[in-house]
Every structure is written in structure tokens, then in C-alpha cells.
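Model the full structure from these sequences, guided by the hints.
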Amino acid sequence: MARVVVDVMLKPEILDPQGQAVQRALPRLGFEGIADVRQGKRFELEVEGPVDEAALARIHQAAETFLANTVIEDFVVRVEESQ
Amino acid sequence: MARVVVDVMLKPEILDPQGQAVQRALPRLGFEGIADVRQGKRFELEVEGPVDEAALARIHQAAETFLANTVIEDFVVRVEESQ
Amino acid sequence: MTLDTVKNASETPDVELPWAALGLKEDEYLKIREILGRRPTGAELAMYSVMWSEHCSYKSSKVHLRQFGEKAPQSDAMLVGIGENAGVVDVGQGYAVTFKIESHNHPSYVEPYQGAATGVGGIVRDIISMGARPVAVMDPLRFGAPDHPDTKRVLPGVVAGIGGYGNCLGLPNIGGEVVFDACYQGNPLVNALAVGVMKHEDIHLAKASGAGNKVVLYGARTGGDGIGGASILASETFEGGTPTKRPAVQVGDPFQEKLLIECTLEAFRAQLVVGIQDLGAAGLSCATSELASNGSGGMRCDLDDVPLRDATLTPEEILMSESQERMCAVVEPEKIDAFLAICEKWDVTATVIGEVTDGDRLEIFWHGEKIVDVDPRTVAHDGPVYERPYHRPSWQDALQADAPTAERLARPATGDELRAAVLQLVGSVNQADKSWITSQYDRFVLGNTVLAMPEDSGMIRVDESTNLGVAIATDGNGRYTKLDPYTGSQLALAEAYRNVAATGAKPLAVSDCLNFGSPEDPEVMWQFAEATRGLADGCLTLGTPVTGGNVSLYNQTGSEAIHPTPVVAVLGVIDDVTRRTPMAFAEEGQLVYLLGT
Amino acid sequence: MTARVGVVTFPGSLDDRDALRAVKLAGAEPVALWHRDKDLHQVDAVVLPGGFSYGDYLRAGAISRFSPVMETIIEQAKGGMPVLGICNGFQVLTESHLLPGAMLRNNHLHFVCKDQKLRVENNTTAWTSDYAQGQEIMIPLKNMDGRFTADRRTIDELEAEGRVVFRYLDGNPNGSIDDIAGITNAAGNVVGLMPHPEHAVEPLIGTGGTDGTGFFTSILKRLVNA
Ligand SMILES: Nc1ncnc2c1ncn2[C@@H]1O[C@H](COP(=O)(O)OP(=O)(O)O)[C@@H](O)[C@H]1O
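Protein chains in written order, with our numbering: chain A, 1 to 83; chain B, 1 to 83; chain C, 1 to 597; chain D, 1 to 226.
Note that these hints are calculated values from the structure, not bench results.
Hints are all accurate, no fakes.
Taking beta-carbon pairs under 7 Å as the criterion, some of the chain B residues facing chain D (in silico):
{"id": "1", "residue": "Gln18"}
{"id": "2", "residue": "Val22"}
{"id": "3", "residue": "Leu29"}
Positions of the beta carbon are idealized from the N, C-alpha and C atoms, including for glycine.
Spelled out as C-alpha cells, the structure:
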């Protein structure tokens with residue numbers, strides 16, 4: 001079975017307090033040199049059948065209408081080898 | 001500046017209620033053929049300076065101690081070209 | 001891998017089983033062999049080991065807990081007493097209330113968010129399995145020193161977990177406690193209380209009766225949660241090689257539990273259920289053996305029919321899995337379609353996994369082979385009972401002698417000293433404002449909350465037309481109890497009793513969570529014996545029976561036990577919630593009285 | 001004749017019974033609606049209640065928005081039927097694009113439960129006519145994802161058209177843009193807000209006040225006089 005990954009991130013102009021909280025905590029934990037942190041979601045979809053253009057188009061549509069809220073989020077769809 | 005991505009996913013044997021809710025919803029929305037969905041987190045870190053072995057090792061450690069809860073989560077660190 | 005069937009067990013009496021790794025003592029293992037008249041199968045051993053654990057069998061505490069029954073004050077209010085999932089109290093007007101407090105201490109230290117969350121989930125399932133609609137939760141908490149790094153990890157996680165689960169279930173949080181003391185550093189206490197309301201005729205008990213009735217497992221699919229021990233069994237005995245790593249941590253799904261509540265209560269309302277049991281600790285082992293032993297017949301189950309989240313689980317693991325948000329119901333065959341339809345309506349997975357039989361055996365099958373054939377009573381009720389030795393600690397006198405007395409505590413002599421004393425008091429962490437915590441809990445949902453934070457007692461309206469209500473307070477003081485366990489537990493009782501009475505409610509019943517160190521330490525065991533005796537005597541004096549509760553032992557780091565910490569919950573009834581007395585002064589000019597000594 | 005006000009139950013709705021009670025206390029006829037049922041049973045208005053529908057998994061309101069009942073509600077709301085979304089209901093309304101913007105995690109990242117003071121900025125909507133313009137009210141607030149956001153143009157438009165219906169007073173509890181607590185669509189029939197008026201309809205319960213009653217009496221008057 002093939003795995004398709006959908007990464008969903010808040011749009012750059014939207015405040016991301018979760019990412020900020022991480023960024024602020026890092027130096028306190030002794031991790032310096034991180035200029036910015038954004039936190040988003042990663043969906044791993046296990047796809048039955050071939051991951052052809054049609055399948056990817058459908059997943060793209062699912063991401064656009066459902067997995068991401070495009071008012072506030074951007075998304076990327078990509079195929080990963082299955083383990 | 002270089003971007004390092006940390007993907008954090010629940011371990012395979014751990015219940016993922018969010019992923020399950022998404023998986024159950026997909027067919028209702030007309031998206032068939034997805035056998036499984038897992039939902040995790042994606043952190044995008046903008047790193048100051050070179051992303052050398054030492055920097056990656058530090059990020060790896062930050063992921064292990066802070067970004068992921070290794071009691072229930074696995075993580076992967078990888079370098080991405082910056083946009 | 002060969003399946004360890006009952007037949008196989010009879011034919012291979014000498015096969016060594018990892019009973020010690022499963023936490024059984026040698027004499028316990030021998031007793032199992034004696035009960036069965038043969039060696040147990042791996043699956044049987046799994047069941048006995050979890051059901052005979054301290055947690056499920058109360059083997060160290062049972063002899064002391066009996067006093068709660070023996071010394072129980074005469075009370076017309078008790079409808080269901082100790083021994084069921086939760087006790088039930090008559091509050092008048094045809095209503096009954098069930099409430100219980102439980103601990104999830106150790107899991108909350110390992111994984112604070114999920115540990116605390118699943119603690120709330122577990123106690124709420126106890127309430128629904130009695131037929132009651134849960135109406136509120138409370139959470140008495142104990143943490144280590146506030147500035148310790150571990151507290152910074154544990155406290156926010158615990159609070160987020162309790163809030164995350166309770167808020168998502170839609171249960172108002174109407175009170176609790178937060179206490180900091182270094183003795184809880186490695187053993188935070190996360191106790192959770194739930195209260196539910198039903199009509200008298202809706203009370204349900206966990207039992208399976210009526211041959212031919214179906215056993216339905218419904219709720220979440222079964223995964224490999226909380227079965228460290230069982231994987232030892234599966235791999236070492238029967239497979240060799242390295243054990244597959246199974247998570248000890250359970251992850252809660254409050255949304256699933258909310259559906260379970262609605263689905264279960266709807267099935268009750270439609271009179272579709274003969275008996276019901278929630279799956280908590282010991283999972284299916286507990287549910288099947290308890291349902292069967294409390295009913296009149298036997299039971300037969302097919303593990304192949306259990307819906308799995310992880311197809312690689314062995315039958316032993318399925319029996320021991322502690323996957324959350326599952327329930328087991330016994331349903332008459334002609335009602336099964338209606339029952340399954342209600343589950344479907346609420347998107348809850350439901351599967352018939354067996355039926356009640358004429359006999360008196362619990363038989364469990366896997367791939368058509370019988371892997372369990374036991375008398376269910378021996379699993380659920382005939383666990384070991386220990387008369388653990390106990391004695392008064394040698395240091396007890398010195399500790400008491402060292403306690404601050406009026407003579408030894410200098411009184412502030414000047415205005416400045418008084419000011420300093422007051423500042424020190426109000427500045428101490430245990431007096432601090434708790435709203436960072438309480439504001440993360442929904443106290444408004446369900447629209448019946450009469451009193452919640454910052455009141456000393458929570459109060460919930462039970463009937464909108466008559467304004468009948470109940471009040472509950474939880475209290476406990478580990479420092480007092482360490483100084484004098486007998487009096488300490490009575491002080492906890494008295495404080496909760498006063499807090500309820502002060503709202504205008506009449507105290508009716510008690511539930512308690514007894515948090516102690518290792519029962520194998522005779523000094524800890526003495527604390528336990530004394531505290532229990534004190535609580536039982538106190539309940540007799542006050543006329544409030546104990547309806548149920550929970551014991552949490554082994555709360556210690558190395559040889560260092562926590563302070564003995566009985567947490568006592570008192571429930572009271574108030575005929576008209578509009579007449580409740582809140583804490584605050586209402587208007588200027590009112591008189592203030594000090595009562596008591 | 002009285003008005004029929006429907007309250008939808010999604011899996012995971014929590015304040016549905018409270019909303020039904022509030023409708024009844026105001027004198028309207030409460031009607032329970034079920035998420036799988038497209039039929040609105042002749043209701044004159046709909047409340048989408050608070051809670052954690054589908055556990056708030058994915059995003060608050062994201063899964064409920066695709067339920068059969070929402071298909072009908074979206075269609076009828078566009079035709080003028082009054083709809084009130086409270087908390088999770090507000091999130092469903094933004095996810096369905098009946099209202100603009102989106103709801104994000106509170107800026108402090110915690111669930112917050114408190115008595116919240118609001119100012120009624122627009123008393124001309126279907127749900128706010130019983131309040132005075134500028135009236136200050138106290139009702140409970142409780143949520144995890146209450147930070148309203150939208151792009152600047154949308155916000156400017158909302159402000160210019162008077163479509164910000166409620167604003168937080170005495171401190172912004174979640175980082176919501178311009179202290180916005182609730183908004184309406186251009187027609188004024190669809191209103192969404194984060195705080196919970198249905199928890200402030202009885203003197204004894206919740207905040208101990210009845211400042212939330214106006215939502216339900218407003219809609220009743222509107223429907224009965226229609
Ligand atoms: N863990 C908790 N969960 C819910 N409510 C709590 C918790 N801890 C404290 N509270 C509530 O906060 C209020 C203040 O608590 P506290 O300061 O302990 O009061 P007191 O010292 O009078 O017992 C009380 O209403 C109490 O029920």
C-alpha cells in the first residue's frame with residue numbers, strides 16, 4: 001500500500017502561538033540558534049490501489065475541502081514510499 | 001537560513017483518535033480508498049547558521065526531549081531547502 | 001507458535017509458565033493450579049494474574065475495608081452498597097445518585113496528560129454502568145514541590161488531561177483540591193470523582209443472567225494498551241525471541257466516551273440491557289469474569305469476534321488489554337437488533353462476542369479452540385486475601401512529640417510580626433489561588449451547576465422542576481494523617497462533611513480514595529489499618545455510610561512512602577437549591593458568627 | 001402561535017440540552033434536530049450548540065460541517081432563516097463559510113472557562129434585538145479554540161458594515177482579532193459567537209445572571225411578529 005502525506009501549515013501571516021511557545025522554550029532548554037518555529041499538522045494516508053494522477057487529484061481535493069481550512073492554512077500533498 | 005523539519009507521529013501501536021475521526025469522515029465526503037489515516041505534528045524550524053552535523057544532532061536532541069513525547073510518539077528530523 | 005489450549009494444558013502439565021513475571025506469587029500460582037486441577041493455559045494465567053493483582057483484588061486491603069460494611073451506620077438512603085461498580089444513594093423524589101472516587105496516580109506520573117485523562121474516563125464509565133447519567137466530576141490532586149522540574153512537567157499535563165477529557169465529555173468540574181508537598185514528588189496523586197443521577201427504576205447491576213442472552217462488546221476497538229505483562233506471556237512462553245514492545249500507556253478518546261455515554265443511556269431507557277460492565281483495569285478478563293460470576297449462569301465467548309485495532313494481538317493480550325472506552329452488555333436475543341441499532345445511531349462499534357450459558361463455567365475460544373475454562377467466581381471473587389503484618393512505626397512518638405503545639409509556636413507579639421505571619425500564610429503555595437487550574441475546566445456545561453469554584457463544596461441541580469440538588473466536597477490532609485492516621489482520616493471526613501453541611505445540604509454518604517505506600521511495609525500497613533478504622537468509626541458516628549471507593553497502594557519512591565493520604569468525598573442532598581448558602585458574604589451589615597470550639 | 005427553534009445535536013455536542021432549555025425558558029418551542037437528518041421539521045430558526053463535535057478532531061467544527069443536517073441549514077440560512085452558532089456552533093458556521101474568518105487555538109494555548117463581559121455592538125440582528133446598542137452583558141466563556149481571525153480586508157469589511165456583533169470587554173481572553181467575540185452575516189440572520197448565552201438564562205446557574213436570555217427572546221419576538 002502506498003502512503004500519501006499531506007502537510008498542513010498555518011499561512012505565514014497567521015499568528016502561530018504553538019510554534020511561538022516552542023520557539024521561546026528552546027533557548028531555556030539550552031537549544032540556541034533557532035530563528036523561528038512553526039507548528040502544523042501532518043496526515044499520513046494509506047492509499048488502497050495505485051497512487052496515480054487521479055488518486056492524487058482526489059487527495060488534493062480532500063485536502064483542500066477538508067484536511068486544511070484554506071482560510072488560514074496552506075497544504076502540500078506528496079507521495080512517500082511505504083515501509 | 002535553512003529549514004529543518006521535525007515530523008512527530010504517534011507510535012503505530014498507540015491509539016490515534018484524531019486520525020480515526022478523519023478516516024471515518026472521508027468516505028462520507030465521497031473520498032473512498034483510504035485504508036488508514038494517522039495524524040501527527042510537523043514542526044518547521046528555521047535554523048541560524050549552517051545546518052551541519054552538530055546542529056542536526058542538537059535538533060535531534062531537542063526533538064527527543066521536547067518536541068516529541070517519546071513515551072507515545074516517534075519523530076523524524078530532516079533538512080529541507082528553504083523557500 | 002502453538003496455541004495453548006485447555007486440552008494442551010492438560011496434556012503438558014510440566015510446562016513452566018512465567019507466573020512471577022506476571023506478578024503472581026508462588027503460592028498464588030499453586031492455588032490457581034489447585035482450583036483448575038491442572039496447570040492454567042496462558043490465557044487463563046493472564047486472566048488470573050490481572051484479576052488477582054492488588055489493583056483488582058484488593059488483596060492487602062480487603063480485611064480492613066470490611067469495617068465499612070460491618071460498622072456501616074443504619075441508613076435508609078443506601079440503595080446499592082459497597083461491591084458494585086459504584087454505590088447508589090436515594091436522594092428522594094424517586095431519584096438516586098451514584099458517586100465514586102478513584103485514583104490514576106502512577107499512570108499520571110509516567111504520562112501526565114493521558115494518565116489523568118484516562119483516569120477521568122474510567123470513573124465516568126463506572127457511573128454509566130450503574131445506569132446513571134454522569135452530571136459532574138471533581139479532581140483532588142497532590143503534587144511534589146512546586147519549583148521541582150518534575151512538578152513543572154506533571155502538573156500542567158495532569159490539569160490539561162483532566163480538562164481535555166472532562167471538558168470534551170461535557171461534564172462540569174465542580175471542585176477538587178491542589179496540594180503541594182515534597183512527599184508526592186515521585187508519586188503525584190491524581191484522584192478523580194464522578195457523580196451520576198438516575199431514577200430508582202433505572203439502577204443496573206453488572207451481571208449476566210439468562211441462558212442464550214448475548215454478550216456485546218461495544219465502544220473502541222481493542223488495541224495493545226497497558227498489557228506489558230501479557231506480551232511477556234505471549235512471547236517468552238510460546239514464541240521465544242524478543243517480546244514485541246507493547247505500550248503501557250493508554251491514550252484516551254473522550255469523544256468516543258461521550259458517544260458511549262449517550263448510547264448506553266439510550267439503551268437503558270429502551271430497556272434493552274440485562275447487565276452491563278465497563279472495561280477498565282483488566283479489560284475483558286474483568287468484564288467477562290465479573291459479569292458471569294455475578295449472574296446465574298455461565299458464559300461463552302469467542303475472542304475472534306473482538307474488533308481489534310492491532311491484528312497481531314495474541315489471545316492473552318486481547319484478554320488483558322486495557323484499551324479505553326469499551327463496555328460490555330448482556331442483551332436478550334430478541335432485543336439485540338434494537339441494541340445494535342442504537343450503537344449504529346451513535347457511530348459506536350458493537351459486536352456480539354458470546355452468550356450466557358446454562359452451565360457455571362466461563363469458556364473462551366480462539367480459532368475454534370477452547371483456551372479458557374474456569375469457574376468465573378474463582379477469577380473474580382476468590383482471589384488471595386492477605387492479613388499483612390503491621391505495627392506502629394518506631395518514629396511515630398517522636399513525630400508526634402515534634403508537632404507544633406500552641407506553646408512551642410510563638411504567637412506574633414507585635415503588629416509587624418502579625419503582618420509577617422499573615423503574609424507568610426497567604427503567600428504559601430498551598431493557600432494560593434487555584435484559578436490557573438480551575439479556569440481550564442468547564443464548570444458550566446449541562447446548565448445545572450449551582451456551586452463550583454471557589455466554593456468549598458460543589459452543588460448540582462438534579463431536578464429542574466423541583467430544584468432538588470446534591471452537594472459534594474472532597475478533602476484530605478496527608479500531614480495530619482501521618483501524625484495520627486486514625487484521627488487524620490476522621491479530620492478529612494469531618495472537613496468534607498462540614499463543607500457539604502455549610503452549603504445547606506444534608507450529608508448522606510461517603511466515598512473514599514485511600515492513597516498509601518507499600519502494604520508490604522508493616523509501618524505503612526499500620527497507617528492504612530488505622531486510617532481505615534478511623535474512617536469507619538467516623539462514618540458510624542456521623543451516620544454516613546461508605547458507598548464505595550478505591551485503594552491505591554505502592555505510592556512510594558524506593559523505601560520512601562508518600563504521606564498516608566485518605567481523600568474523602570461526602571455527598572449531601574438539598575431539597576431546594578435556591579436555598580443554598582454560598583461562601584461569600586452577601587451584603588453589608590450581615591452578622592458573622594464563629595461556630596464550634 | 002409560537003415559534004419553533006431547532007437545536008442540532010452532532011456527535012459530541014454538549015450544550016444542546018442547555019440550548020433547548022434556554023429556548024423553552026424564553027417561551028419558544030424547542031425542537032431537537034439530529035445531525036444525520038436533513039429534515040429541519042418545520043423549525044423557524046436553528047441554534048448550533050456548543051461542545052466538542054467529533055471531539056474537535058481535525059479542527060473544531062470541521063467534520064460536523066459536512067453532516068446532512070448542515071446541507072439543509074446552509075441552504076436555508078442563505079434564504080434568510082435565522083441561525084445562531086454558539087462556540088462550537090460558531091466554529092461550524094465559519095467552517096461552512098456561512099460566516100467569514102476562522103477560529104484558532106487560544107493564544108495562551110489553554111482551555112479557558114470564565115465569566116466574560118461583552119458589549120453588544122449591533123442590536124439589529126435576528127438574535128440581538130432585545131439588547132440595547134452598546135449594552136454590556138456578562139455570560140460564560142469556555143473554549144479551547146476561540147481566537148477569531150480573518151484577513152485584514154475581511155475585518156475592515158465586518159467593521160465597516162457593523163457586522164461585529166459582540167466585543168470582549170475587560171481583557172481579550174484568547175487573542176481574537178480586534179477583541180471580536182461574535183459576528184453576523186450581511187443579512188443579519190446568521191450570528192456566531194464564542195461565549196455561551198444559554199448558560200446565563202437562570203439566576204441560580206452559571207454566572208448567576210440572566211444576561212443571555214435576550215438572544216432567545218429576540219428570536220422569539222422576531223419570529224412571532226414576522
Ligand atoms: N484540582 C481542582 N479541580 C477543581 N477544582 C479545584 C481544584 N483545586 C481546587 N479547586 C477549587 O478551587 C476552589 C479553591 O480551592 P482551595 O484554595 O483549595 O480552597 P480551600 O482552601 O478553601 O479548600 C475550591 O472551590 C476548590 O473546589
